[in-house]
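*Asks:* These are the residues of each chain, in order.
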Amino acid sequence: MSFNEIWDLLIGTLQTTGFMYANWKHIVMWGIGLFFLYMAIVKDFEPNLLLPIGFGIFLVNFPNTPLFGYTEGHPQLLQFFYKYGIIWEVIPCLIFLGLGCMTDFGPLIANPKMLLIGAGAQLGVFVTFTGTILLGFTIKEAASVGIIGGADGPTTIYLTARLAPHLLSANTLAAYSYMSMVPLIQPPIMRLMTNKQERLIKMSILRPVSKKEKILYPLICGGIIALLVPAVMPLMGMFMFGNLMRESGVVKGLTRSAGGPMMDVITILLGISVGASMQAEVFLSYKPLMVFGLGLLDFVVCTAGGILTVKVINMFVKHKINPIIGISGVSAIPMSPRVAQVWGQKYNPQNYLLMHAMGACLAGSIGSPAAAGMLLAMFE
Amino acid sequence: MKKIMVCLIITITVLCAFALGIDTPRAAEEAGKEAVQAAQAEPTKETQAAPAAGGETSHKARKVTGPVDSSEVIPKGPQWLGAPIMPGGKEGTKESGRLAIEYNKPYKEVLVWYQDALKNYPDARYRNWEEEMYIEDQGGSKWHAIKISKTGGPNTTVTIVKDNWTWIMATLLIRFTGVFVVLLVLWIFLNISTTIVLRAIKSEEKKKPAAAGA
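Those protein sequence lines, which keep their order, are chains A and B. First residue of the first sequence: 1, per the working numbering; consecutive thereafter. First residue of the second sequence: 1, per the working numbering; consecutive thereafter.
Any given hint could turn out to be false.
Said to hold, decoys possible - Straight-line distance between alpha carbons at most 27 Å, and here's what the computed DSS-like set of lysine-lysine pairs gives:
id	chain 1	residue 1	chain 2	residue 2
1	B	Lys-208	A	Lys-212
2	A	Lys-212	B	Lys-202
3	B	Lys-206	A	Lys-214
4	B	Lys-147	B	Lys-206
5	A	Lys-212	B	Lys-206
6	B	Lys-202	A	Lys-113
7	B	Lys-76	B	Lys-119
8	B	Lys-76	B	Lys-147
9	A	Lys-214	B	Lys-202
10	A	Lys-214	A	Lys-320
11	B	Lys-90	B	Lys-162
12	B	Lys-94	B	Lys-76
13	A	Lys-211	B	Lys-207
14	B	Lys-150	B	Lys-90
15	A	Lys-212	A	Lys-113
16	B	Lys-207	A	Lys-212
17	A	Lys-43	A	Lys-113
18	A	Lys-211	B	Lys-202
19	B	Lys-206	A	Lys-211
20	B	Lys-147	B	Lys-108
21	A	Lys-214	B	Lys-207
22	B	Lys-208	A	Lys-211
23	A	Lys-43	A	Lys-196
24	B	Lys-108	A	Lys-214
25	B	Lys-150	B	Lys-162
Stated by the list, open to error - Covered stretches of chain B, going by a simulated chain A footprint (3 or more residues, C-beta under 8 Å):
id	stretch
26	90-97
27	136-142
28	157-171
29	186-200
These are computed hints drawn from the structure, not numbers from a lab. Model, not experiment: these values are computed from the prediction. Using N, Cα and C, we set each Cβ at its ideal position, and we do this for glycine too.
Based on the provided sequences and hints, a complete structural model is requested.
*Replies:* Right, dumping it as C-alpha cells:
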C-alpha cells in the first residue's frame, strides 16, 4: 500500500466525519439546544416540549447527519416526522383531539360571558400583525407571527405551516416558550393595568353544569365554528370530537388513549420535529430571531387585551368580574388560570378565581383558532 | 424574577436592534422607487429555473427561501413596484401609491396578458368581480393589487395599487371584530341551549316527586 493510498484513505475517512464541515453556526445551535435541555432538565421548564425540542436542535446541527434531509428522494427520519406530521398538519389536529379528551368545558358553559374575554385577548394577534408588516415581513409571514400571542401551540403550527412554512420552527418555539413563561410575563402586566380595588373583586362560585349541557356543547360549538370559520375545522373539529368522546362517557377506552398515550407520542414527534427544523442555515437569520421579539410583544398585548375586555364588560354589568381573570384570555392552559388563582389569592385569600379563569382560558382556546381562521380566510 | 425580566427585555431589545440593523423596512426601502421602471437586469439563474421547477421541488424551494418578489419571476419588460406593465398603454393618473394605465384593447386581451405575465408568481390571488378582475398580492411584492377594469367597448384600464395601510388596518379591524362575532354567536347559542336544558331538567325533577307521590 503506497503512501498516497494511505493518505487518500485517511482523507476519505476524515471527510465522512462531521469535523470537516462544522462551522460557528453549528456551535451556536448546539448552545441553543443545550440551553433548552438545561431549561427542561434543571429548571423543569415545560420539559415535555423543551427536552425533545432541545435534543432535536442538538441532533440536526451536526454536519453530515442523515436526519433532516432527503436520501435519494426519500425523507430521512426526522424529515419524515416533520413532513407528514407538521407540514401535512396531522400533529396539530391530533393534539387538539387529545386536548378535547382532556378538557372540561364546564367553567365556560357555566359562565359563557367569558367567551368575550377569549375574543378580546386576540387583540395582540392583530396588533402584532401590523407591527410585523412595519418591520418588513410579508402579509402572510405577519399573520403567522401574529398568532403566537394566542399562546396556542397547535394553532400556531397549523397557521404557519400554511402561510409561512419557513418560519415554522421559530414561530412554534416562540409560542411554546412564551407559554412556559406565563408566570413571568403576565403578572407585571396585570399589576400595571389594574388597581388594588379591582383585584379584590370577589367572584361567586360557578353553578354545576349538567352532563346534557356538556354533551351538547361540542355539537353547538363545532357547528357554529364550521359555519362561521370553516378554515379551522380540522383543528376545531378534532377538538370538539375529542370533547364529545369525553363527555359522552361511552368510549372511555378511546378517550383515555387519545388523551394519554397518543398525546405523549404526538408530543414526542412534535418536539423532536420542531427542534430538528431549527437547522443553523435556516434559523440563524434575522427573521426567525425577530419572531421572538415580536412574539413577546404579541403575548403582552394579548394579555392586556384580555384585561381591557374585562374592564369594558365591567362597565356594563352589575356583577363585576375580577380583571385578573383577563390574563387567562390567552389559551395557555393550565398555566395562565393557575397564575390568576395565585395572584387572586394574594390579594384576597377567600377569592377563588381558578374556575373563572379556566372559563376565560377555554374561551381563548376557541378564540385563537377563530382568529387563525379569520387570517386564513384572507389568503384562501 | 425582576432580574429574569430585565434580562429578557435586554435580550429582546438587542435582537430587535440587530434585526433592524440588517434589514430596513420594506416601506422605507421602496419610498424612492415609485417611478415606472424598465426592467433592465437579465433574469437570474434562480428566476430562469423557477418556471421549470414544479411539484414538490418548487414547493420545497418556497419553504426554504420564503416569499418571492414578483419582480423576480415576471417576464422582462416595464414594471412598477415589481408589477408587470403591459406595453402599448397610455399612462393615466399617477399618484404616489397608484398608477393607472389606459389601453385601447379589449378587456380579455389585457387580462390574458396579465395572467400570462404572473403565471410564475405563486402569491397572486384572482378575484373576478363584476366590474373588474382584482389581482391581489399575498407575497413579498411591493404592489398590493392590479385592477383590470371592464370599462366596456375596446378600452381597458389597468390600475396598480401600492401596499397601503388603509387596507391593512381595515382588514384587521374587520377580522378582529369577526372573532368577537364568532364568539358572540357561540355565547348566544350557549345561552339558548343552557336555558332549554335547565328547563328540561327542572320539569323532569318536578315530575319525579309527583310520580313518587302517586
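*Asks:* Okay, which hints does this one fail, numbers in order?
*Replies:* Failing hints, ascending: 4, 17, 23, 24 and 26.
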